[in-house]
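*Asks:* This is what each chain is made of:
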Amino acid sequence: RKEVEQDPGPFNVPEGATVAFNCTYSNSASQSFFWYRQDCRKEPKLLMSVYSSGNEDGRFTAQLNRASQYISLLIRDSKLSDSATYLCVVIKAAGNKLTFGGGTRVLVKP
Amino acid sequence: EAQVTQNPRYLITVTGKKLTVTCSQNMNHEYMSWYRQDPGLGLRQIYYSMNVEVTDKGDVPEGYKVSRKEKRNFPLILESPSPNQTSLYFCASRGTGQGAYTIYFGEGSWLTVV
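Each protein sequence line maps, in turn, to chains S and E.
For reference, each letter of the first sequence is one residue, going 1 to 110 in the working numbering.
For reference, each letter of the second sequence is one residue, going 111 to 224 in the working numbering.
Hints were generated in silico from the structure; no laboratory data involved.
Keep in mind that a hint or two might mislead.
Under the rule of at most 20 angstroms between Cα atoms (straight-line distance), these lysine to aspartate or glutamate pairs were calculated in the EDC-like manner [what the hints assert, rightly or not]: (1) Lys45/S with Glu217/E; (2) Lys2/S with Glu217/E; (3) Lys45/S with Glu111/E; (4) Lys97/S with Glu140/E; (5) Lys167/E with Glu3/S; (6) Lys45/S with Glu172/E; (7) Lys42/S with Glu217/E; (8) Lys92/S with Asp148/E; (9) Lys97/S with Asp166/E; (10) Lys97/S with Glu111/E; (11) Lys42/S with Asp166/E; (12) Lys97/S with Asp169/E; (13) Lys92/S with Asp166/E; (14) Lys2/S with Glu140/E; (15) Lys97/S with Glu172/E; (16) Lys42/S with Glu111/E.
Using the sequences and the accompanying hints, generate a full structural model.
*Replies:* Take a look at the structure:
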């Protein structure tokens with residue numbers, strides 16, 4: 001089993017709709033979690049950190065469920081420009097090893 | 111402007127011909143790392159460095175070498191490239207303290223080994 005797993009998608013989303021997807025991790029000692037966005041074959045860029053209590057940044061909401069060992073990302077009012085691959089990043093406790101999920105591809109269509 | 115710069119961006123080379131991909135960052139970051147990205151396999155860490163003269167293997171180090179003689183530079187060396195090293199490579203850096211975990215990536219280097 002992979003340390004960090006994501007549904008590769010694609011999630012085909014009508015413009016204006018809401019889409020949500022998860023990222024599961026296997027190491028219960030994982031400490032920090034992030035969502036990165038990657039456009040086609042470009043470098044990943046930080047979208048948002050994921051805090052224990054959940055957090056929101058505009059149309060994006062991230063949540064952490066430690067009991068079930070997953071994080072989620074929800075995008076409201078999807079825009080065409082939200083089409084991208086979303087990577088989750090998990091950092092193990094007391095370490096500097098970052099593990100990336102394989103990414104979830106989102107396609108927003110008119 | 112905060113930047114991670116890698117070169118070359120695109121390279122086609124032949125099996126066995128040594129090559130180096132350079133990486134430089136201007137943010138005085140302690141931590142630097144190399145990743146390769148392949149379809150269906152996501153980003154996999156090759157090597158990382160916690161500081162000058164401190165390097166360690168990531169998940170897929172075979173066939174690669176690195177060095178960290180200066181804080182800003184972290185070159186990736188392929189001593190004898192093989193076709194299975196054809197991939198998209200990213201260099202990344204991050205600092206410590208507040209915002210420690212924001213990873214800054216270079217634009218990527220497309221490498222083809224024939």
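*Asks:* Each hint should be assessed against the structure and marked as holding or not.
*Replies:* Evaluation of the provided hints:
1. Lys45/S with Glu217/E: holds (10 angstroms)
2. Lys2/S with Glu217/E: violated (26 angstroms)
3. Lys45/S with Glu111/E: Since the Cα atoms of Lys45/S and Glu111/E sit roughly 15 angstroms apart, the hinted pair holds (cutoff 20 angstroms).
4. Lys97/S with Glu140/E: holds (14 angstroms)
5. Lys167/E with Glu3/S: holds (17 angstroms)
6. Lys45/S with Glu172/E: violated (27 angstroms)
7. Lys42/S with Glu217/E: Holds. Lys42/S to Glu217/E sits at ~6 angstroms (cutoff 20 angstroms).
8. Lys92/S with Asp148/E: Roughly 23 angstroms separates the two Cα atoms, so the pair is violated.
9. Lys97/S with Asp166/E: Satisfied, since the Cα-Cα distance of roughly 11 angstroms is no more than 20 angstroms.
10. Lys97/S with Glu111/E: violated (26 angstroms)
11. Lys42/S with Asp166/E: Roughly 26 angstroms separates the two Cα atoms, so the pair is violated.
12. Lys97/S with Asp169/E: Roughly 10 angstroms separates the two Cα atoms, so the pair holds.
13. Lys92/S with Asp166/E: Status holds; Cα separation ~16 angstroms.
14. Lys2/S with Glu140/E: Not satisfied, since the Cα-Cα distance of roughly 28 angstroms exceeds 20 angstroms.
15. Lys97/S with Glu172/E: holds (18 angstroms)
16. Lys42/S with Glu111/E: holds (19 angstroms)
Of the hints listed earlier, those the structure fails to meet are numbers 2, 6, 8, 10, 11, 14, in rising order.
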